[in-house]
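Undergrad: One-letter residues, chain by chain:
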Amino acid sequence: MLHRRYYKLVFVFLFPALALYAAFVLYPTLKAFYVSFFNWRGVSRQMTFVGLQNYAKLLREPIMWKALQHNAFFAVAFPVVILVPATLIALGFRRKVAGTGLYRTVFLLPNLMSLAVVAVLWTFLYEPVLGPINAGLRLLGLDSLALPWLGDPSVALPALVLPIAWVNVGFYVLMIHAGLLNIPQSLYDAAVIDGAHGWKQFWYVTVPLLWDIITIVAIFIVVGALNEFSLVLIMTNGGPSRSTELMATYMYKLFRSSRYGLGTAVGVLQFSLSVVVVVVAKRVMRREAVEY
Amino acid sequence: MTESHDPETNGWRSTGKLGHPWRARTVSRITRGWNYQLVMIPCFLAVVCPMIWLVSSSLKTNLELFTGAWSLPEVPQWHNYTRAWVEAGISQYFFNSALVAAFGVTAATLLAATAAYVLARYRFPGSDLVYLTFTAGLMVPESVGIIPLFFLMKELSLLNSHLGLIIVYAAMNLPFGVFVMYGFFRTLPSELSDAAEIDGCSPFGTFFRVMFPLARGGILIVAIFDFIAIWNEYLYALVLVSEEKLRTLPLGVANLNLVNRYHADWTALLAGLTIVMLPSFILYAIFQSQFREGITLGAQKG
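First to last, the sequence lines map onto chains A and B.
In case it helps, our numbering puts the first sequence at residues 1 to 292.
In case it helps, our numbering puts the second sequence at residues 1 to 302.
These aren't lab readings, by the way, just hints derived from the structure by calculation.
Just so it is clear, CB atoms sit at the ideal spot from N, CA and C, and this is done for glycine as well.
Accuracy of the hints is not assured; some may be wrong.
[Said to hold, decoys possible] Computed spacing ranges between beta-carbons, pair by pair:
id	chain 1	residue 1	chain 2	residue 2	range
1	B	R32	A	W203	20 to 28 Å
2	A	V80	B	L258	31 to 39 Å
3	B	V259	A	F202	47 to 55 Å
4	A	P240	B	T106	39 to 47 Å
5	B	S91	A	P184	49 to 57 Å
6	A	P208	B	V259	51 to 59 Å
7	A	V207	B	L72	39 to 47 Å
8	A	P128	B	T82	27 to 35 Å
9	B	D194	A	P208	39 to 47 Å
Make the full structure from the sequences, and use the hints.
TA: Shown next as structure tokens:
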């Protein structure tokens, strides 16, 4: 039990942090759930309780379904585009291939840039006429591939996957590499004696022992896909013709047009979906704890 | 001292040197795992090329930018940077960001350290619950509470103010800070604080003179990650700050991008982007190991 002489310390040290956190993180988050049951246009006196009507309205809203589909597309595309290269690169780091030191330093750089900077930079790169991507494609004689990337509703959404992967791969490389370093070399030596090389080593030694980290990384990536916002807002603002509208950009637009109750309901749905993903992923990806 | 350890002449290294000629060793080091290079090299180019393009284009004239996307600047146009800094208003945004980051990082780090210290080293009713509440914040997406937060700040007259941004940034970075510092304070042996108290230190003295300095490795990690998060933050700044002269750098460059559609000074914008990314890169160059450690710690929070 706590001795009296520490009461003051506990109070002085804990109270400011807890108060700040409660007021500016917890309270708005919890309030969001409450507000989502109201029709609300900003002035508190105009708040009218509507129960689940906001949610019902969202489920009837085609834009919401479009946004959900786009987020789902990201949730499927990101794990492939981010997890696969990140795992391969981390495995290369473990083998200490030539240039590992340089690669390790450089791969994290995009992750340190502001998303605003990344968004503006990639808007330039994708510029249809003068941008370096299309200029490069034309140089290679691939004129038919030089598409108006962000201006074409059929390719804008896939085109956004690249900059998002560009930002995130380096971060997950480091996470996976940290997990790989925890696997003792002796297990690989034993595997070699048992005749396991290459892919067999990967499947029977690396994957089982790395499973916890892979689960966490996959959860991070999918939750990130459901909450993607800044980059898309700056690069396409949900367009052209809503082909890149996401739940978060839709929420932001509802916020800007003063439909606060409805907008908050989108945010709450986003949050709930994230929680579902975490719970389901932990279930599905749970394996017997591997110990050798 | 009679024994000295020289890694060049002692141990396995020297036998390795005798066993393999220098050249063979170098070649094998380069070709080792060569098939991984099939992934490494394309990824390396994909990461580096956009950044090289950015820096090189930021030194071109506007005409050069439009005539050859892949050419290098004929004469480096350093003037682009002065135009970005002065005319495009980057200096004002830079100052705003620096102010918000300085106070935000200090507040977030100090508050996280003190709170984590108490939670890690003293048991009292509810202490576990408080720790859990803090770390739960790691899982909450930033956009959920944004509309209620907007109205909270409005009621407190903290919209369009740097103080408001500082408070929100400090609060939203607490979960990571508390999580990391909790781990650090847990590992410090309690004999140290006991000894300090026997020597007559007050509980506060024990923290500031003994425990805080011992945990500075963790403090540094938290401060660096908080800085990167705050320096680059876009969403909260977008919602909470609308006044032109109060904008932070990410808001500023995103807005310049919009404005430039009418007033085309693209190379100054690219110079502005470079200015925004530099402080984070410099910090990374100095504190690489702290970055790696922070990400490794982050991997455990799931």
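Undergrad: If a hint holds in the structure, say so; if it doesn't, say that too.
TA: We went through each hint and held it up to the structure:
1. The hinted range of 20 to 28 Å is satisfied by B/R32 and A/W203, whose Cβ atoms lie roughly 22 Å apart.
2. For A/V80 and B/L258, the hinted distance range of 31 to 39 Å is satisfied, since their beta carbons lie about 33 Å from each other.
3. Checked against the hint of 47 to 55 Å, the pair B/V259 and A/F202 passes, with Cβ atoms roughly 51 Å apart.
4. Take A/P240 and B/T106: their Cβ atoms lie about 44 Å apart, and the range 39 to 47 Å holds.
5. The hinted window of 49 to 57 Å between B/S91 and A/P184 holds, with their beta carbons roughly 53 Å apart.
6. For the pair A/P208 and B/V259, the beta carbons lie near 54 Å from each other, so the given range of 51 to 59 Å is met.
7. Between A/V207 and B/L72 the C-beta distance comes to about 45 Å, which sits within the given range of 39 to 47 Å.
8. For A/P128 paired with B/T82, a C-beta distance near 31 Å keeps the hint of 27 to 35 Å intact.
9. A hinted range of 39 to 47 Å for the beta carbons of B/D194 and A/P208 is consistent with their spacing of about 43 Å.
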